[in-house]
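Colleague: So the protein lines, in turn, are chains S and H. End of the first sequence = 171 in my numbering, gap-free, step of one. End of the second sequence = 106 in my numbering, gap-free, step of one.
Since the hints were derived computationally from the structure, they do not count as laboratory data. Please read these numbers as outputs of a predicted model, since none were measured by experiment. For glycine and all other residues, C-beta sits at the position ideal for the given N, C-alpha and C. One or more of the hints may lead you astray.
Each computed DSSO-like pair below joins lysine-lysine, with the alpha-carbon atoms no more than 30 Å apart [stated by the list, open to error]:
no.	chain 1	residue 1	chain 2	residue 2
1	S	64	H	86
2	H	41	H	86
3	H	41	H	88
4	H	41	S	64
5	S	64	H	88
6	H	41	S	62
Which stretches of chain H does chain S cover? Using the computed rule of at least three CB atoms under 8 Å from a CB of chain S, they are [said to hold, decoys possible]:
no.	stretch
7	19 to 28
8	38 to 45
9	64 to 78
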Amino acid sequence: MFRRLVHLLEYLFRRRRLEGDLDEELRSSFEMMVDQLVARGMPLAEARRTARLEFEGLDQVKEKCATAWSDLLSGDSFRTRATPGADCAAARRSHSSRWSRWPWESASIPRCSAYSTPYCCARCLTETRSNSCSSGPACAQPAPRAPRSPVPCLAKSNGATARWHVWRAFG
Amino acid sequence: MDILHGTLDLLILRALELAPMHGIGIAARIHLVTHGAFVVKPGSLFPALHRLEQQGWITGEWAASENNRRARYYTLTRSGRGQLAKEKRNWYRMISAMNWMLESDG
């Protein structure tokens, strides 16, 4: 957990440098591949074209690598194993923690996994399968006037929407 | 031959068990050792390397390559060795289970 936090802080504060390093790594790897192909007797232009095909576009590779880092921000690395109820459990933990007030943390809280329950009641923080909380006695408080619950499945929304939903529910 | 889902990490960790290597070196090593059966393209390799680094199983450092190019060399960490051992055990268990199934008598 500590290591992941360090990685997260590193990503937040050294993002530009990490992206620069990644860019340099991919470019140098591309050139190394060209060198290898040329060493095997391929003409330079042909070698560059082949290497370009192998890399399937530097920008796409860069994007995939950046996703590995930004998964920290989306919460994938902080989430418990994706089992039904794990999202609400994470939401409960985060709700009781002061860190949940931080925007980057709130973006990582109740993202539903594809097969888990798609809603998490913002009032009692238990999972529900419909638009109304089905936990019964566990959520025996008077129903809120505004439809504050449930929290929609954040897996289907982008980061900004996810943040908005979480701030609305817990903020 | 397509690499089975989830086995790329094992291949990379195993390649790095012997010596620190850069990305292209790792791909070449896997290609060589598997007699050309597995071709790891950069589009899969580099995201996997960054994911493994993020997990703390490997660590990257800049150094000069054999062609005097600046390359990022990856080294297996202590926890990476532990993870490799764990993934090897899982793999052998899976192989045994598959063999039992395929060689069963009906």
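Colleague: Decide, hint by hint, whether the structure agrees.
Modeller: Results for each hint:
1. A hinted pair counts as satisfied when its Cα atoms are at most 30 Å apart, and residue 64(S) with residue 86(H) qualifies at roughly 26 Å.
2. Between residue 41(H) and residue 86(H), the direct Cα distance comes to roughly 25 Å. Compliance with the 30 Å bound is thereby established for this hinted pair.
3. With a C-alpha separation of about 23 Å, the suggested pairing of residue 41(H) with residue 88(H) holds against the 30 Å cut-off.
4. Proximity of residue 41(H) to residue 64(S) is assessed by CA-CA distance (about 13 Å); at most 30 Å being required, the pair is judged to hold.
5. As the CA atoms of residue 64(S) and residue 88(H) are separated by approximately 26 Å, the hinted pair is consistent with the 30 Å bound.
6. Under the criterion of a C-alpha separation no larger than 30 Å, the hint pairing residue 41(H) with residue 62(S) is consistent with the structure, at around 13 Å.
7. Only residues whose C-beta sits within less than 8 Å of a C-beta in chain S count toward coverage, and the stretch 19 to 28 of chain H has 4 of them, enough to reach three; the restraint holds.
8. Check on the stretch 38 to 45 of chain H: 3 of its residues sit with their Cβ under 8 Å from a Cβ of chain S, so the three-residue criterion for coverage holds.
9. Closer than 8 Å: that is the beta-carbon criterion, and the stretch 64 to 78 of chain H has 6 residues meeting it against chain S, so the requirement of 3 holds.
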